[in-house]
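Enquirer: Here are the chains, one letter per residue:
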Amino acid sequence: MKIGIYLCTCEGEIEKVIDIDSLVKEASGWSGITDVHKDAFLCSEDGIRKIRKDVESSGLERVLIAACSPFFKMEEFSDLGLNKYLVERVNIREQCSRAHRNDPENATKKTKAMLRIFLEKAKYSQPLQPLQLPSLRSALVIGGGVAGINASIDIAETGNEVFLIEKNPFLGGKVAGFHKYFPRMCPPSCGLELMFSKIKSNPNVHVLTSSEIDTISGSPCNFEIFIKTSPRHIDMDKCVLCGKCLEVCPHNAIVYPEGFSYPCIPAINKGLCAVDCNKCVAVCPVDAIDLDEEGKATNIKVGAIVLATGWEPFDPTPLAEFGYGRLENVVTNIEFEKISKEKKISFEEPKKVAFIQCVGSRDERHLPYCSDVCCMVSIKQALFLKEVNPDNEVYIFYNDIRTPGEYEELYQKARRRGTIFIKGIPSELKQDEPQKINFSVFDTVAGKRLDITTDMVVLATGIKPSQGTIDLKEKIGIVLNKNNFVESHIQCYPQDTQRNAVFSAGCCRAPMDVSRSIESAGAAAIKTLQFFNNCTEITPDNPAVNILKCDVCKRCIEECPFKAYSFDEKGFPKSDIMKCRRCGVCMGGCPLAAISLGGLSIEQLSVMLDVFDRSYLGEDEPLILGFLCKNDAYRAVDDAALKGITYPPNFFGIMVPCAGAVNGAIIAKAISTGIDGVLIAGCPDNQCHYIHGSTLAKARLTDISNKLKEMYLEPERVRFISIGRDDPEKFADSIEEYVEELKKMGRNPLRL
Amino acid sequence: MPPYVVKDKCDGCKGKEEPLCEQICIGDLMTLDMNTGKAYCRSLRDCWDCMSCTKICPKGAIEQRIPYQLGYHGAKLIPMMGTDSITWTCVDINGKVERFTYRTRNKK
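Protein sequence lines correspond, in order, to chains G and Z.
Counting with the numbering used here, you get residues 1 to 752 for the letters of the first sequence.
Counting with the numbering used here, you get residues 753 to 860 for the letters of the second sequence.
No lab work stands behind these hints, which were simulated from the structure alone.
Computed from a predicted model, the values in this text were never measured in an experiment.
Be aware that a few hints might be false.
[Said to hold, decoys possible] Listed next, the in silico DSSO-like pairs over lysine-lysine satisfying Cα-Cα at most 30 Å (straight line):
hint : chain 1 : residue 1 : chain 2 : residue 2
1    : G       : K238      : G       : K270
2    : G       : K630      : G       : K643
3    : G       : K698      : Z       : K790
4    : G       : K709      : Z       : K807
5    : G       : K698      : Z       : K761
6    : Z       : K766      : G       : K579
7    : G       : K563      : Z       : K766
8    : Z       : K828      : G       : K549
9    : G       : K698      : Z       : K766
10   : G       : K482      : Z       : K766
11   : Z       : K759      : G       : K554
12   : G       : K743      : G       : K730
13   : Z       : K807      : G       : K554
14   : Z       : K848      : G       : K743
15   : G       : K482      : G       : K554
16   : G       : K709      : Z       : K766
17   : G       : K698      : Z       : K828
18   : G       : K343      : G       : K386
19   : G       : K549      : Z       : K790
20   : Z       : K828      : G       : K709
21   : G       : K554      : Z       : K790
22   : G       : K112      : G       : K73
23   : G       : K709      : Z       : K790
24   : G       : K475      : G       : K554
25   : G       : K344      : G       : K279
26   : G       : K343      : G       : K180
27   : G       : K574      : Z       : K761
28   : Z       : K766      : G       : K574
29   : G       : K698      : Z       : K759
30   : G       : K174      : G       : K200
31   : G       : K574      : Z       : K807
32   : G       : K554      : Z       : K766
33   : G       : K482      : Z       : K761
34   : G       : K563      : G       : K482
35   : G       : K563      : G       : K84
36   : G       : K296      : G       : K198
37   : Z       : K790      : G       : K563
Only chain Z is shown next, with the shape it has when bound in the complex:
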């Protein structure tokens, strides 16, 4: 699921060289475009859909585009990070909304 950065919301993590999405991406795919000051995914095809970038973005500026095989247009997966939980909102292609909250095992 390639990440899509919403340009209006992204602040380049205050313009520093390594925004949070770049630091956390395990495939070293997210990076900062020096011209626009916004983050982007360097190679959409290589993304393994871990959604770490989506979870960590402090502005909530990253959306995951769910590919045709899994959900098609309109399908969405949105994480919301709590201190020791993640709430996933899942929207399928019919627009049905489901939410799941999981406890994480990190220290609060």
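Okay, chain G solo, but in the shape it has when bound:
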């Protein structure tokens, strides 16, 4: 095999520590090496040009770049004239010359060992080709509330197809039922009408109301969705909205739209009908009603999915002290919206209304979190009461008032208009006088007890994930957090979920107000479009199961953090190319070492250990083989070099995608061939980019430690450390400690 080795001195810096010239001389003598070159500035245009020329003229089949960390100069080294999987980056700067700058002799020896090992790895590399898998450029948006509607519009307006599915007969979700929404206090019909007109005018949007998802199969780029649509019983083309059916229906079975609703056609809930009533059929002037209409089953194919399944209001009945359901005129904030919108109670005759905040929220027994919007909602409703008649008396009883950003203005306005804010939550609500509500409250600021009588109490209840969200856990296998909201990487990727090509928008992810919901819908739409665009080229480093070794124990299926594995036609586990995130947890967990990743196979790691010179530091120094996860640990170790932190050259690091990718058989081979210590460094527990890779690695290492103990070897020879991105000192200290402990333990007795 023709292999070229290129050693960079990084403008002489690396050469000050490592004797590059002697390495060039030595490596030239190794078998299979066509060229060994030293260069001062390998990543320069000249340097790259030289490598390309050599590849062409000498017909090089593998290239080793011994220079800076593989995370630097990726662009420069990306096109050397051969498949990029046949180019091996050897980190002789960050993890050698800089890390061991105080020990040039041993740094040189370590570099030689590194070259030898990565040379062997390169020999076994395969020229993988990126896979071409175009995505269907269509998306499914589940949920027709304000988030779902906006996600659909955003996706459709960039020329892609969208299926918007909603289980109610009308779009609009909870916002359609509100009286006003903050901060501008507009009626929702205004904003929603604009959104609906965009949907109506865009042929890319296909709206399916009264519809629910039956099953979902397939994988990202190519999902197949089976949908069940309930019958509306009213012909959408014939109905003229005369309203006669609504007048005659004795059972309240007709759901009638408002002026701005979409689709603006009523729907009949046949479940509430009486047998043989047919009054509506008789009265309809255009014969639009068909009570025998059957439901429909359809299936669609989409490339990506946006979850916008929204929320449900919390039911305060369990908090018996607030009298919900027991006392008249104790209502929730959602009910108050309806009351004020439909003018069920006239607030023009002055009333005394008390709002109680945090009912059931920030409460371990019910909703442990804050629902974000309830303070603003109560202030909005208080401002409404004061506007209708300034003589309305309004009290807001609170623990904390949360009106972030410019919403503070509305809080000040409410106060100026005479809303009385009292810091203290009322105790039991009673009815001592007819049509009134009585309670006491301890005003913690004034320091005294107040006895209050009001006409109405509004309980500010919070936002709970909808049943629709919870049902999707079964249907799509999405991951929900402990409060049943859709799990996302809240800081950096809030619209992503733990499944590829599935994004989330709106309150199904976290409680939020209307403007944030719309923002999050836009973000989800962008992610969907990016997904369509990036789908054509897929990295080929996905795992492959060697079916000659596999015993179908199904451990890979169980442990995959993204549930990417399923059975193929032969009955063996297979990883779905699109669902897989290439973490390698399957490779690490397979008891038979039957799974290998495209760019890093068990065989490669095995041969690397075969050629690892266990005496590179001499006979008395212990050796530590380290597996560093590419997300945190490897970067932290690189950072150590940048910060001038040094650690002993006894440590030899290999990069893995995740700590969970390290297979026990490799560790066993390392120990049984005389390596003194094996370290796995992964992300801290709740920060693993692959959810539980770190945790699994720790658990597996514990098993290996136990085995070493049974073998009368020291269990501390193998260890796991969590290294965060900003923990380079912690790493260096751990290595110093580790080397000392290994010296005390003595050499590995299995050392030949």
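Following the hints, complete the assembly by docking chain Z onto the known chain G.
Expert: Relative to chain G, chain Z alone:
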């Protein structure tokens, strides 16, 4: 040498119907106890001591009890599986520890 399953370490191979020890046992002796979810040997007397179960267990939960005739109490045989090697640790009744590493002929 009858296999003894350490209950704390055995995870029933994630509760599937055929754990690895059951799949590999050539005498069809290892199986999953549906009540406890742990593996066990159905017939200790019929075990031929091949130790395939011990080698394959991903949690290292199987120990071999060496019979009186061969090693008596305290004697142990512990395999550790590498990618292309097995390291045997042998402890005799006097507590003397010896280790042997063999290359296996399977593909890596």
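Enquirer: Hint by hint, say whether it matches the structure.
Expert: Tested hints:
For the hint linking G/K238 to G/K270, the alpha-carbon distance of about 19 Å falls within 30 Å, and the restraint holds. Between G/K630 and G/K643 the CA atoms are separated by roughly 19 Å; this keeps the pair inside 30 Å, and the hint holds. For the given pair, G/K698 sits about 22 Å from Z/K790 by alpha-carbon distance, which is consistent with the 30 Å threshold. Pair hint G/K709 plus Z/K807 holds up; C-alpha atoms about 16 Å apart against a cutoff of 30 Å.
Restraint check: the Cα-Cα separation between G/K698 and Z/K761 comes to about 15 Å, which is no more than 30 Å; the hinted pair holds. Under the criterion of a C-alpha separation no larger than 30 Å, the hint pairing Z/K766 with G/K579 is consistent with the structure, at around 22 Å. Straight-line distance between C-alpha atoms of G/K563 and Z/K766 comes to about 15 Å, which keeps the hinted pair within the 30 Å bound. Under the criterion of a C-alpha separation no larger than 30 Å, the hint pairing Z/K828 with G/K549 is consistent with the structure, at around 28 Å.
Straight-line distance between C-alpha atoms of G/K698 and Z/K766 comes to about 18 Å, which keeps the hinted pair within the 30 Å bound. Annotation: proposed proximity of G/K482 to Z/K766 holds, straight-line Cα distance about 23 Å (limit 30 Å). Proximity of Z/K759 to G/K554 is assessed by CA-CA distance (about 20 Å); at most 30 Å being required, the pair is judged to hold. About 20 Å separates the Cα atoms of G/K743 and G/K730, which keeps this hinted pair within 30 Å; it holds.
Of the pairs offered as hints, the one joining Z/K807 and G/K554 holds, with about 18 Å between alpha carbons and a cut-off of 30 Å not exceeded. Distance hint between Z/K848 and G/K743 is fulfilled; the C-alpha atoms sit about 23 Å from each other, no more than 30 Å. Between G/K482 and G/K554 the alpha-carbon distance is near 27 Å, which keeps this suggested pair within the 30 Å criterion. Proposed proximity of G/K709 and Z/K766 is supported: the alpha carbons are some 25 Å apart, at most 30 Å.
At roughly 27 Å between alpha-carbon atoms, G/K698 and Z/K828 fall within 30 Å of each other, so this suggested pair holds. A threshold of 30 Å between alpha carbons decides the hint, and for G/K343 with G/K386 the separation of about 15 Å falls inside it, so the pair holds. Distance hint between G/K549 and Z/K790 is fulfilled; the C-alpha atoms sit about 24 Å from each other, no more than 30 Å. Taken as a hint, the Z/K828 and G/K709 pair is honoured in the structure, with Cα atoms around 13 Å apart against an allowance of 30 Å.
Proximity of G/K554 to Z/K790 is assessed by CA-CA distance (about 16 Å); at most 30 Å being required, the pair is judged to hold. A threshold of 30 Å between alpha carbons decides the hint, and for G/K112 with G/K73 the separation of about 23 Å falls inside it, so the pair holds. With a C-alpha separation of about 23 Å, the suggested pairing of G/K709 with Z/K790 holds against the 30 Å cut-off. Taking the CA atoms of G/K475 and G/K554, the gap is about 22 Å. The hint holds against a cut of 30 Å.
The straight-line distance between the Cα atoms of G/K344 and G/K279 is roughly 28 Å, inside the 30 Å bound, and the hint therefore holds. Straight-line distance between C-alpha atoms of G/K343 and G/K180 comes to about 13 Å, which keeps the hinted pair within the 30 Å bound. In summary, the hint linking G/K574 to Z/K761 is supported, as the alpha carbons are separated by about 28 Å, within the 30 Å threshold. Between the alpha carbons of Z/K766 and G/K574 the distance comes to roughly 18 Å, so the proposed pair stays at or under 30 Å and holds.
For the suggested pair G/K698 and Z/K759, the alpha carbons sit about 20 Å apart, so the restraint of at most 30 Å is met. As the CA atoms of G/K174 and G/K200 are separated by approximately 20 Å, the hinted pair is consistent with the 30 Å bound. With a C-alpha separation of about 25 Å, the suggested pairing of G/K574 with Z/K807 holds against the 30 Å cut-off. Restraint check for G/K554 and Z/K766: the C-alpha separation of about 8 Å stays at or below 30 Å, so the hint holds.
Only pairs whose Cα atoms come within 30 Å are accepted, and G/K482 paired with Z/K761 is accepted, the gap being roughly 28 Å. Between G/K563 and G/K482 the CA atoms are separated by roughly 19 Å; this keeps the pair inside 30 Å, and the hint holds. Restraint check: the Cα-Cα separation between G/K563 and G/K84 comes to about 29 Å, which is no more than 30 Å; the hinted pair holds. Between G/K296 and G/K198, the direct Cα distance comes to roughly 26 Å. Compliance with the 30 Å bound is thereby established for this hinted pair.
Restraint check for Z/K790 and G/K563: the C-alpha separation of about 24 Å stays at or below 30 Å, so the hint holds.
Checked against the numbered hints given earlier, the structure satisfies every one of them.
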